[in-house]
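Asks: Using the sequences plus the hints, can you model the full thing?
Residue numbers (the numbering used here), protein chains in the order written: chain A, 317 to 767; chain B, 134 to 627.
I should point out that these hints are in silico values taken from the structure, not numbers from a laboratory.
All C-beta atoms, glycine included, are put in the ideal place defined by N, C-alpha and C.
Do not take every clue at face value.
[As the list claims (entries may be wrong)] Using 27 Å as the maximum straight-line C-alpha spacing, the simulated DSSO-like pairs for lysine-lysine come out as follows: (1) B:595 with B:584; (2) A:482 with B:327; (3) B:288 with B:304; (4) B:188 with A:543; (5) B:332 with A:482; (6) A:548 with B:188; (7) A:482 with A:669; (8) A:599 with A:562; (9) A:660 with B:332.
[Said to hold, decoys possible] Cβ pair distances, simulated, as ranges: (10) B:528 with A:452: 22 to 30 Å; (11) A:538 with B:574: 30 to 38 Å; (12) A:418 with B:523: 26 to 34 Å.
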Amino acid sequence: MNALARRAAGLLLSTLCLPLVAFAADVQPTHEFILDNGLKVVVREDHRAPVVVSQIWYKVGSSYETPGQTGLSHALEHMMFKGSAKIGPGEASRILRDLGAEENAFTSDDYTAYYQVLARDRLPVALELEADRLASLRLPADEFAREIEVIKEERRLRTDDQPSAKAFELFRAMAFPASGYHTPTIGWMADLERMKVEELRHWYESWYAPNNATLVVVGDVTADEVKGLAQKYFGSIPKRAVPPAKLPLELAEPGQRLLTLHVRTQLPSLIYGFNVPSLATAKDPRTVHALRLISALLDGGYSARMPARLERGQELVAGASSSYNAFTRGDSLFLLSATPNVQKQKTLADVEKGVWQLLDELKTTPPSAEELERVRAQVIAGLVYDRDSISSQATTIGQLETVGLSWKLIDSELDELKRVTPEDVQNAARTYFTRERLSVAHVLPEESAHE
Amino acid sequence: MSDRSAPRYTLIGTGIIALVVAVAAVLARPAHSEAESSAARPANTLQSLAELDGKAPSRRQLNIQNWTTAEGARVLFVEARELPMFDLRVTFAAGSSQDGNTPGLATLTNAMLNEGVAGKDVTAIAEGFEGLGADFGNGSYRDMAVASLRSLSAKDKREPALKLFAEVTGKPTFPEDALKRIKNQLLAGFEYEKQNPGKIAGKALFSKLYGDHPYAQPSDGSAESVPGISLEQLRAFHAKAYAAGNAVIALVGDLSREEAEAVAAQVSATLPKGPALAKPAQPVEPKAGVTHIDFPSKQTHLMLAELGIDRQDPDWPALSLGNQILGGGAFGTRLMSEVREKRGLTYGVYSVFSPMQVRGPFMINLQTRAELSEGTLKLVQDILADYLKSGPTQQELDDAKRELAGSFPLSNASNASIVGQLGAIGFYNLPLTWLEDFMQQSQALTVEQVKTAMNKHLAADKLVIVTVGPKVPQKPLPAPTDKPSEQPLGVPEH
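Replies: This is the structure we're talking about:
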């Protein structure tokens with residue numbers, strides 16, 4: 317949701333004169349309804365091409381997991397491809413493949429989601445398969461024995477053999493001392509080694525209920541069509557009580573933390589993370605929108621402050637970025653990272669100084685009207701561009717719903733954002749960019765360890 | 134609200150977060166499975182599948198219009214009025230295969246386009262695009278260099294965005310301070326790549342496969358070649374490689390034919406004048422064999438390659454379909470089934486033909502825990518040898534054809550995908566009916582034709598192999614799942 321942060325961050329200026337053109341095309345009709353068993357369905361019509369995307373989002377992810385059982389949500393995601401009442405292991409993928417569908421799944425802290433993109437006449441197959449594995453997953457022990465090896469390979473590939481990813485995993489564990497966001501989604505290797513298929517069955521039975529899911533369909537369909545199909549395939553799956561899910565709340569001011577890591581890299585890098593609220597946890601949503609605006613001012617384009625000043629003006633960094641995900645179920649982090657420009661003999665200390673200059677300036681000086689206008693232009697254009705992809709529309713809807721917000725936010729957030737004033741930006745910077753909220757990682761080449 | 138690519142030339146992924154947040158957000162990608170597995174599979178109880186009529190699905194009809202500008206640029210245009218926006222993609226035969234003796238020249242030239250025009254420095258250019266809500270993009274590869282623009286179509290946005298785009302593409306000033314900075318960023322990028330065993334393997338593979346051919350060099354050049362590149366070289370390269378006669382202009386969006394002609398004319402007229410550049414020579418056959426590079430990772434990366442085909446090769450439909458069955462990325466391919474599903478040896482394994490201006494590579498790519506790497510390599514070689522020997526089964530071919538027909542509607546569902554297709558059709562000089570032709574030719578193929586084409590272009594003993602990982606004592610592979618392989622359920626058709 318980084319792009320949302322960037323795009324939607326603008327619009328603080330009170331006069332929001334949307335150019336007519338931006339909404340010249342009718343906004344796609346979007347419908348929602350809830351089946352008797354609690355399954356929520358959102359349908360967005362997009363009739364440009366005879367294709368459709370179906371996504372089902374479950375409210376479970378790594379932030380729901382407990383120590384010793386990390387990686388369960390993701391492992392279950394893998395096992396969801398290993399057969400249910402109507403089909404054998406791997407068969408659903410084969411059926412969908414032969415229909416020319418793209419399908420996959422993804423897991424994060426806050427959600428587990430499955431999707432299919434396919435020609436519109438094939439939507440019933442996608443829904444029948446999805447309903448079948450929600451109702452009757454098999455979880456064969458022998459399939460699990462092989463699949464857990466695949467998952468370990470995935471961990472080696474994406475984390476253990478990627479120094480940057482490994483550093484970021486440890487950084488997050490430090491930056492979230494109190495909440496489930498501490499846990500890496502793929503799970504710690506020691507937990508993968510001792511994971512049992514019975515634990516997965518328990519996880520599945522706990523969380524995979526229709527009343528804990530959202531079905532999102534975007535494309536060349538009507539609400540009635542989808543309603544009929546959803547009722548037909550999902551309607552008979554009984555509602556089930558799910559465990560109470562507590563929002564992952566963090567300590568507001570845990571104190572400054574420093575992690576020094578030596579990894580197999582040639583270049584040092586710096587990570588900063590400030591403990592901040594999300595839209596779901598903030599007392600005043602305006603502070604969250606102010607943080608989103610700040611992220612756009614810092615890194616919302618090649619003319620933003622980090623590339624313009626740190627990368628080009630001062631030539632302090634080879635690269636730098638900031639990001640803030642306001643759309644999490646619990647508290648969030650405001651992240652900054654940078655690699656020093658070693659060709660210019662810049663050090664991590666120089667970079668830290670440069671970063672603090674940017675942050676402190678936000679506290680003291682309101683952003684200029686031109687800067688805000690640029691962010692606003694990107695926001696408005698981005699709303700149009702995002703409509704070019706049915707998948708990105710569906711993902712936005714599914715993610716908002718799953719973290720406890722509403723998809724209707726897409727339509728209303730322009731108004732929300734325009735209430736943010738330059739003073740709100742300064743207040744947010746003063747409140748949140750403090751040492752008490754800060755985690756720092758110095759990621760260094762291994763050679764330095766011997767110094 | 135989802136990611137759209139930032140309109141900036143990011144050389145090293147702007148540090149850790151850009152790399153890692155993307156992973157963290159959608160960690161756990163392909164939880165996927167195979168095909169010909171088994172288990173107590175009940176008869177077809179999928180009601181929805183039985184109800185499908187088996188016809189190929191309908192798809193969005195594209196009316197591709199084309200013409201040539203006064204200066205000789207080829208233009209392809211699709212009018213799409215649904216959204217008030219347009220995509221412009223200008224492709225030049227200006228990739229690293231035109232570098233000559235200066236690896237990195239094409240990349241540096243491309244990266245410098247938006248660093249300065251008359252009266253504007255890099256920040257002013259970025260402010261110009263971003264103030265209009267327009268996305269400028271650029272990129273340089275082995276064959277091609279690309280400059281692209283996505284903008285709202287309203288006149289007050291479109292016209293200034295196009296004016297700036299035309300200047301940036303056709304009349305860049307190449308400021309000296311920017312060149313120094315971008316060289317430094319490239320050098321940082323080379324350092325950064327050293328932590329990545331996959332990158333190391335890829336570089337070594339191209340070097341072994343292509344020898345003295347320009348495709349052997351990484352597009353970005355090297356730490357040795359980049360520092361010496363001069364502004365004069367950039368200007369000379371731009372003058373010949375960004376010439377109108379060497380350009381293909383692809384346009385999709387909310388424009389009339391007249392407006393599209395005006396857009397193309399403006400872009401073309403601003404470019405240097407000149408003809409298309411000659412293609413590089415065809416590469417010569419490499420020496421088969423295995424190269425190992427020691428690296429302290431947990432996994433060993435395995436890359437296996439041979440020379441494949443160029444984009445004009447008439448065997449492309451047969452090879453594409455043949456490869457789709459062998460290891461085309463989906464689940465249920467022979468490689469995915471044997472290596473991942475039956476044995477749990479890897480997270481992902483795929484094979485690919487990359488047809489290029491001249492013979493591009495055929496590659497198989499995977500990674501596995503180091504102690505099983507030798508056994509896994511042998512397994513993959515055996516799968517390829519067996520496939521070449523016996524060819525696909527009739528069932529595999531029928532399934533692949535259905536898959537292809539079913540996926541066709543997805544290939545032109547968005548403006549972004551259409552503009553990419555137009556760019557490729559124009560760049561490789563394919564007929565406007567290329568997509569339809571490809572589909573028809575593919576559907577007409579027989580098992581024998583696919584097998585013959587695969588064997589004409591590949592041989593099990595010609596593989597150039599690169600492995601990157603630690604040297605550790607090897608273990609035997611686990612036994613594959615012993616469940617009987619059943620005929621797949623299949624999709625009703627005919």
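Asks: If a hint holds in the structure, say so; if it doesn't, say that too.
Replies: Hint by hint, here is what the structure shows:
1. For the hint pairing residue 595 (chain B) with residue 584 (chain B), the CA-to-CA distance comes to about 17 Å; that is within 27 Å, so the pair holds.
2. For the proposed pair residue 482 (chain A) and residue 327 (chain B), the alpha carbon gap of about 16 Å is at most 27 Å, so the pair holds.
3. For the hint pairing residue 288 (chain B) with residue 304 (chain B), the CA-to-CA distance comes to about 23 Å; that is within 27 Å, so the pair holds.
4. Proximity of residue 188 (chain B) to residue 543 (chain A) is assessed by CA-CA distance (about 25 Å); at most 27 Å being required, the pair is judged to hold.
5. With a CA separation close to 18 Å, the supplied pair residue 332 (chain B) and residue 482 (chain A) stays within the 27 Å bound.
6. Distance check on the hinted pair: residue 548 (chain A) and residue 188 (chain B) sit about 23 Å apart at the alpha-carbon level, within 27 Å; holds.
7. Annotation: proposed proximity of residue 482 (chain A) to residue 669 (chain A) holds, straight-line Cα distance about 25 Å (limit 27 Å).
8. Distance check on the hinted pair: residue 599 (chain A) and residue 562 (chain A) sit about 17 Å apart at the alpha-carbon level, within 27 Å; holds.
9. With a C-alpha separation of about 25 Å, the suggested pairing of residue 660 (chain A) with residue 332 (chain B) holds against the 27 Å cut-off.
10. Checked against the hint of 22 to 30 Å, the C-beta distance between residue 528 (chain B) and residue 452 (chain A) comes to roughly 28 Å, which is consistent with it.
11. Look at residue 538 (chain A) against residue 574 (chain B): about 36 Å separates their beta carbons, and that is inside 30 to 38 Å.
12. Between residue 418 (chain A) and residue 523 (chain B), the C-beta spacing of about 29 Å keeps the proposed range 26 to 34 Å intact.
In this structure, none of the earlier numbered hints is contradicted; all agree with it.
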